[in-house]
Structures are given as structure tokens and as C-alpha cells.
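Visitor: Given the coordinates of chain S, work out where chain Z should sit on it, guided by the hints.
There are 2 protein chains.
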Amino acid sequence: MSLITIEKKVLEANNSIADENRSKFKEKGIFSINLISSPGSGKTSLVEQTIIHLKDKMKIAVITGDIQTNLDAERIDKFGVPVVQIITNGGCHLDASLVRNAYKEIENEDIELLIIENVGNLVCPSEYDLGENHKICVMSVTEGDDKPLKYPLIFHHSEAFVINKIDLIPYLKCSLDEMRNNAVKVNPKLKVFSTSCYSCEGMDEWTKWLFHQCRM
Amino acid sequence: MSLITIEKKVLEANNSIADENRSKFKEKGIFSINLISSPGSGKTSLVEQTIIHLKDKMKIAVITGDIQTNLDAERIDKFGVPVVQIITNGGCHLDASLVRNAYKEIENEDIELLIIENVGNLVCPSEYDLGENHKICVMSVTEGDDKPLKYPLIFHHSEAFVINKIDLIPYLKCSLDEMRNNAVKVNPKLKVFSTSCYSCEGMDEWTKWLFHQCRM
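Sequences listed follow chains S and Z, in order. Residues in the first sequence are numbered from 1 upward in steps of one, following this note's numbering. Residues in the second sequence are numbered from 1001 upward in steps of one, following this note's numbering.
Isolated chain S (complex conformation):
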């Protein structure tokens, strides 16, 4: 029982810092997204392709969370955008306080789009508001078309769902329609994109939508 109480307090404290982050981002004219997925769905590749498609149109920065290593920040650093690596040392999700501290490292930068790449975990990050405008769920087609039904929370909370690695469809039993339909069953308002970071299929549609969201 006491655990439940404390857990609530943790979430309340997190939400309060998330609101501060949101106010600060708004004041600075920053639109922010929180990318959530399992490990290996291609979040970092999606961030790379998003930067390639949008960097001439708007100023982008990235905060990337990992349990260990700064491999993701090294990959993103090559694109010449401000990037902060958060290493959680075992922590299974980012929280608003970690994002607040990470943002301090880049608060003097001129940023229009802040991409927050969460720890690879389809479950726990769903519950933590970071102060972002939109949560975006990413899933690789290799994960199977039944997964939106099995991990519904993140689909409830997301504004958009990026189905990634669609170049692998010919080699899988996964149905893209079934994956999309299962996601929309959970959240009928979900905007669904299908992308490949290898062939770049679907990348224009995703980045145009994202650009439009930032400028709305």
C-alpha cells in the first residue's frame, strides 16, 4: 500500500517538473517530441533521418537517453546539431527532472524542435510526462503486428505512431495493415506513419507532418 502512495507522489512530483519544462519550452518557442519504443526499433536512425530532412528548415536539438554508453549521442553529433546524452545507469525511463537538467546544457542554443529520444523500453517511459508536446511511439515491423494490443498504454498516450523498418516486410510474417489496425483500435486518433530509414520510404510524409506540428 505504501508503495502505491509513494509511486503516486513520484508521478506527481514528476508531473510538476514536466509542467515547468513545458512552460520553459513554450516561452523559448521550442516544440518537443518524446520518442518511445523498444530497444532496436530504429529510434536513433529515425532521429538521424529527421535531422537530414529538416535541418535546413529549422533548428533542431536532441536529448538522448540510454541506460549505458553514449553511442547514440556520438551518432547524432556527426550531424552538427546540439545533443545531450543522459545515461540513466540502469534507470528504465527518462523523467522530467533528467530532461530539465539535460536542457540546461543547451538552453543558450536557438532551438525550434527538441527531439527527446527515450530509453529503449515500450512500457515504463509511457507513464512519465517529460514536458513534451507529443509522445511518438516507434515500432519496427519485426516486432510483430500484435504488439499494439499487448502494450496498449503507449498507444493511448501517443499523438503519432511510426512503423519503422518497412523495407523488411517482404521477409516477415508481419502485416502492416494489421499492425496499423491494432494500433488504431487502441487509439482511434493516432496518426500512423510507415517508414524505412534505409530506403527513406515514408520519411517525407513523417517529417512534413512533424514540421507542420512545430509551426502550428
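Bear in mind the hints are in silico, worked out from the structure with no lab data behind them. Treat the hints with care, since some could be wrong.
Here are the simulated DSS-like pairs of lysine-lysine, each with C-alpha atoms no more than 30 Å apart in a straight line [as the list claims (entries may be wrong)]:
1. 1208(Z) x 173(S)
2. 1009(Z) x 9(S)
3. 24(S) x 189(S)
From chain Z, some residues computed to sit far from chain S (all C-beta separations above 10 Å) [as the list claims (entries may be wrong)]:
4. 1016
5. 1068
6. 1105
7. 1147
8. 1150
9. 1165
10. 1194
Pulled a few chain Z residues facing chain S out of the computed Cβ check, cut under 8 Å [claimed, not checked]:
11. 1013
12. 1038
13. 1071
14. 1120
15. 1121
16. 1122
17. 1123
18. 1151
19. 1168
Just so you know, even glycine gets a beta-carbon here, dropped at the ideal spot from N, CA and C.
Guide: This is chain Z only, laid out in the frame that chain S set:
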């Protein structure tokens, strides 16, 4: 601070029930494994193939955990082995108490190998002892060869690592050697298998090792 204390108490309480589970399984002559992976690495397919390969040699039962749905239990039920579905309703891992309760449903069965399929999450289940003999980490090649470095805890705790979906290697930038090497860097004692549940490559080696572990 208080959260840390309570979290420790939660883990201590869990470990105490895990020890009870372990004693009970030993008394009943049951060898048990706890399969841990991200969503969509192919855990359920691996369970199916393991049953196909071993069911004539030994009596198998399955406890399968999911956040929502009983799709996995329905799949396994077709193989005619006792199966219990745990639905965690949002919970990000199985704990020893859930396994104790699930086992009560099948305690009158004659079981030699109990396969516990955890919730799809590469992070949180790593910390929870269920009373199993071995934790087994499963990862699909589509998740990328850097992942053992980024999610080291489960590799530390596992006896074996099953690299699954190797039939997809020709279509990926993933190196099997690199994935194996990264895992062994984290845990040099790790036994590594490479499998495909489509082509059945590697399945003999994995199931022979598992059979031998049960009979040791």
C-alpha cells in the same frame, strides 16, 4: 530517499518468495528458465519451437506474462502443454509472487521443464528473481549489434543468450559476431546461441543444451 528504501524492501520481499519458489521447484524435480527480452524478439516462437523439439523427451509447462491479452497462451495452448497466462495490467515485469500464484494452477501436473516467458521488456525484469534456475536473454538480430552494451544488466544476470531471427541477417546491417562479442564483453561466461524460429537453424543446439541443463 524513502523510495530507495521501499524499493529495496520490495526486492527483498520478492527474493524471499523467489527462494520459496526455487525450493518448491527443486522438491518437485522442476528445472525452470526465465526468458527475458524486448517485445517482438520472438520469445513465444522460441517457446513453441522448444516445445516441438523437447516435448517427446520431457514434460514441459509454460507460464507466460503479458501486460494485456492472452494471445501468447492461446498460441502455446495448441501444443497441448499446460500453460498459465499472467496479465500484469500495465506491470512492466513478472515478480516471484505472480509466478507463485500462477504455478498453483499447474502444481498437480507432472513437470520437468517450466518455461517462464516474461513481459516484453529488456530492462525491469532483469532485477526480479522469480526462483528460476537460469535467466535466458533473447534478442532479435533486428535490434542491432550494439544493444548488449546499452542494456548490460540482463546480460550480467543471464546464463545464456539466444540471438534470434538470424534468417534476417542478409537484409540487415547487424553483425552476428559483433552482437555476440558485445554480449561476451559484458559477461564472459555467457553461453551464446544463434537461432531462427522460421528456418529452425540453431534450434537443435539450443534445445540440446537446455535438455542437458535440466538433466544435470
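Visitor: Hint by hint, note whether the structure agrees.
Guide: Evaluated hints:
1. 1208(Z) x 173(S): holds (27 Å)
2. 1009(Z) x 9(S): Holds, at about 18 Å.
3. 24(S) x 189(S): holds (27 Å)
4. 1016: Non-interface label stands for residue 1016(Z): nearest chain S Cβ at 16 Å, farther than 10 Å.
5. 1068: violated (6 Å)
6. 1105: Answer for residue 1105(Z): holds, closest chain S Cβ roughly 21 Å.
7. 1147: Nearest chain S Cβ is 5 Å from residue 1147(Z), so the label is violated.
8. 1150: violated (5 Å)
9. 1165: The assertion about residue 1165(Z) is violated, with a minimum of 7 Å to chain S.
10. 1194: Correct as stated: the minimum Cβ-Cβ distance to chain S is 16 Å, above 10 Å.
11. 1013: violated (10 Å)
12. 1038: With Cβ-Cβ at 4 Å, under 8 Å, it holds.
13. 1071: Residue 1071(Z) check passes; min Cβ-Cβ to chain S is 6 Å, inside 8 Å.
14. 1120: Cβ of residue 1120(Z) sits 7 Å from chain S, so the hint holds.
15. 1121: holds (5 Å)
16. 1122: holds (5 Å)
17. 1123: Cβ of residue 1123(Z) sits 4 Å from chain S, so the hint holds.
18. 1151: Holds, about 6 Å.
19. 1168: Holds, because the Cβ-Cβ distance from residue 1168(Z) to chain S comes to roughly 6 Å (cut-off 8 Å).
Going down the numbered hints, you'll see the structure goes against 5, 7, 8, 9, 11, while the others check out.
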